[in-house]
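Novice: Per the working numbering, residue 1 is the first one in the sequence shown, and the count goes up by one each step.
Keep in mind that the hints were calculated from the coordinates and are not lab data.
Backbone N, C-alpha and C fix where the C-beta goes; we use that ideal spot for every residue, glycine too.
Among the clues, some could well be false.
Listed next, the in silico BS3-like pairs over lysine-lysine satisfying Cα-Cα at most 25 Å (straight line) [to be verified]:
1) K1 x K15
2) K44 x K7
3) K1 x K30
4) K15 x K30
5) K30 x K7
6) K30 x K44
7) K6 x K44
8) K44 x K1
9) K30 x K6
The calculated label-pair distances, taken between Cβ atoms and stated as ranges, are [stated by the list, open to error]:
10) S27 x L49: 15 to 23 Å
11) E41 x P13: 12 to 20 Å
12) T48 x R26: 32 to 40 Å
13) N47 x E10: 17 to 25 Å
14) D25 x L49: 35 to 43 Å
15) T48 x L28: 28 to 36 Å
16) D14 x W40: 34 to 42 Å
17) A17 x N47: 26 to 34 Å
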Amino acid sequence: KRAYRKKISECHPDKLAQQQVSDRDRSLAKERLLHYQQAWELIKRHNTLRP
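Starting from the given sequences, assemble the full structure and let the hints guide the process.
Specialist: Written as structure tokens, this is what we have:
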């Protein structure tokens, strides 16, 4: 969970807006954020299925 939060904070849109990154970098960060969120959901589902 700690690694997930660290990765999310690296590409969070609010943080990037303060850093004045380019639109292209912001778009790539948005894709990474979505990828991390999907991976986290998969991990959570996997952990709830285990006995």
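Novice: For every hint, state whether the structure bears it out.
Specialist: The hints, checked one at a time:
{"no.": "1", "hint": "K1 x K15", "result": "holds (20 Å)"}
{"no.": "2", "hint": "K44 x K7", "result": "holds (16 Å)"}
{"no.": "3", "hint": "K1 x K30", "result": "holds (20 Å)"}
{"no.": "4", "hint": "K15 x K30", "result": "holds (12 Å)"}
{"no.": "5", "hint": "K30 x K7", "result": "holds (12 Å)"}
{"no.": "6", "hint": "K30 x K44", "result": "holds (21 Å)"}
{"no.": "7", "hint": "K6 x K44", "result": "holds (17 Å)"}
{"no.": "8", "hint": "K44 x K1", "result": "holds (10 Å)"}
{"no.": "9", "hint": "K30 x K6", "result": "holds (15 Å)"}
{"no.": "10", "hint": "S27 x L49: 15 to 23 Å", "result": "violated (34 Å)"}
{"no.": "11", "hint": "E41 x P13: 12 to 20 Å", "result": "holds (19 Å)"}
{"no.": "12", "hint": "T48 x R26: 32 to 40 Å", "result": "holds (33 Å)"}
{"no.": "13", "hint": "N47 x E10: 17 to 25 Å", "result": "holds (23 Å)"}
{"no.": "14", "hint": "D25 x L49: 35 to 43 Å", "result": "holds (37 Å)"}
{"no.": "15", "hint": "T48 x L28: 28 to 36 Å", "result": "holds (31 Å)"}
{"no.": "16", "hint": "D14 x W40: 34 to 42 Å", "result": "violated (18 Å)"}
{"no.": "17", "hint": "A17 x N47: 26 to 34 Å", "result": "holds (33 Å)"}
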